[in-house]
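Mind docking chain P on chain C? Use the hints.
These are the residues of each chain, in order.
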Amino acid sequence: MSHSIVRHLVVKDLRLAGPLVTGSFVLGVLSLALSPWSGVAFFVGGSVFVVTLVLLNVMLVSMSLMNERKDKVRVFLLSMPVSTSEYFVAKLVSSLLAYVVPSVLLTLAAIGLLVATPLPNGFIPLTVAVSVHCLLYFCVYLAFALVSDSQGWMTTIIVFGNVSISFVIPGLINMTSLNGTLGAETAVWKADTLGFIAIELVLAVVALVISFIVNSRKTEFI
Amino acid sequence: MTELAIQLEGVDKAYRYFQLRDVGLTLEQGQILGFVGPNGAGKSTTIRILMALVHQDRGDVRVLGRALPREQALAKRDIGYMSEDMRLYGVMTIAWHMKFVASAHPHWDQDYAETLLRRFNLRADQPIKVLSHGERTKATLLLVLARRPRLLLLDEPTTGLDPVARHEILRELTDVLADDRRSILFSSQNTQDVEQISDQITFLDRGRIIESSDKETFVERWRRLQLDVPLGVALPSLPEVTEITTSGRLATATIRSYTDDVAAAFTQAGATVREVQRMSLEEIFVANVMSSRKEANA
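Respectively, the protein sequence lines represent chains C and P.
Counted from 1, the first sequence has number 178 at position 178 by our numbering; the numbering is strictly sequential.
Counted from 1, the second sequence has number 1285 at position 285 by our numbering; the numbering is strictly sequential.
Only chain C is shown next, with the shape it has when bound in the complex (with noise of 0.2 Å):
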């Protein structure tokens, strides 16, 4: 595999990212700055946090491997020295990267807020577990992304990623091990939240492992 080929395609993919990332970023930052100054702002804040994290994921493989694909622009990439299965881990990468570093920034300026404000710090665990299913999202959408052609498949993956995200949260609030400690001083962690978590990444890796195998049986790229 050519190292050089795929970095100039992970920067490329990176400099055409850069304006939706700093802006999803600042929208981000926003929404935590908005957050300590009452509980509605708090609750208005926390909204805000997670459709940043939302908006960033869609509109950024949206951009990235969606509109590429159908502004028939994938033709010129696929046209460069780079082979089928480098391109794949190309905007593997320039995907996680323009994804996961902004998310877990993010994530821990709010943990930071949390922990540097009167506010309970034990909303931690949550804002952690929120995230990492965020980041499943976006690891799934971006799976199915990269290995398939079908608009259906994808608004289908939003609709339940959107849709998923909305029991969750609720769903993790009235779990054993948060429900009664979101007030605390202290960051609970309990085995179940963390027992979540570890699924979540799980199921994230699994996800991205399937489409790679995907890839390397299809036959048609463009």
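Just to be clear, a hint being listed does not mean it is correct.
Facing chain C, a subset of chain P residues (Cβ under 8 Å, in silico) [as the list claims (entries may be wrong)]:
# : residue
1 : Arg-1048
2 : Arg-1058
3 : Gln-1072
4 : Ala-1102
5 : Ala-1104
6 : Trp-1108
7 : Tyr-1112
8 : Val-1229
These aren't lab readings, by the way, just hints derived from the structure by calculation.
Just so it is clear, the structure is predicted and the values come from calculations on it, not from any experiment.
C-beta: ideal position from N, C-alpha, C; glycine also.
What follows is chain P alone, placed relative to chain C:
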């Protein structure tokens, strides 16, 4: 022995409603191969296989000595590919694309790229989305040619262009061939373009190669005979004749492999040969396709 630029042997590719069957094709270095066929003949599929954008179900594909799809990245270092359905990033400028392609191609020729910019009357700071179709095509060709590829694969590059843009593009392609190590496979429905620049011509129809030869051989072999056929005279059935149409006493015979013996056979049967006409490549192409379809349906 000269290395072949392209070598396809027994290549099959099946889709639900279309099948590429047993395609065999060679292109020597320094040659221009015109790939002619009607819509849906399989030209684009064949070229995509040569770029490993589509993998063959069966058969061997070698491009510039590299086996495809396995060695596609190495092969593509020396291939310039351009297709009718290839697009550039609309919001980015020509200069951005030049820089991007240059970063991945060690043989990128910046001086030549700038020469082409001037010849094509393009400006490097123009975003792709403001260009006309002809200008976009020329910008894409610039990005392909300045890589200094040993093989150009051009899938319908002149489709939808005005005559001036077509002329500019064909002129550049001819200039590329000044270096006799470079080869071009050029697909088109426009037989005039193909006739203008090709050395070799291959006709493709319904997923099969129906004939492949050098241009001169095609033009020399095919003839149309205008015959005067008196009442009661039956024209002989000759294997070289692909079609005979009649209108009263006048008959027109299309001949696949013309020799004086064919005219003599008609004369001997009682007909008079009024005129022996050369055929244009388009007429040869149509006659070839219709004859091939008739044989396939027989």
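Quick rundown of the hints versus the structure:
1. Annotation: interface hint on P:Arg-1048 holds; nearest CB of chain C at approximately 7 Å, less than 8 Å.
2. A least Cβ separation of about 12 Å between P:Arg-1058 and chain C goes past the 8 Å threshold, and the interface hint is therefore violated.
3. For P:Gln-1072, the interface hint holds, since its Cβ comes within 8 Å of a Cβ in chain C; the closest pair sits about 5 Å apart.
4. The beta carbon of P:Ala-1102 is not positioned within 8 Å of any beta carbon in chain C (closest approach about 10 Å), and the interface hint is therefore violated.
5. Among the interface hints, the one on P:Ala-1104 holds; its C-beta lies about 5 Å from the nearest C-beta in chain C, closer than the 8 Å criterion.
6. The interface hint given for P:Trp-1108 is broken, as the beta carbon of that residue sits about 11 Å from the closest beta carbon of chain C, more than 8 Å.
7. Violation of the interface hint for P:Tyr-1112 is found here, the shortest Cβ-Cβ separation to chain C being roughly 18 Å, above the 8 Å cut-off.
8. The beta carbon of P:Val-1229 comes no nearer than 53 Å to any beta carbon in chain C, farther than 8 Å, and the hint placing it at the interface is violated.
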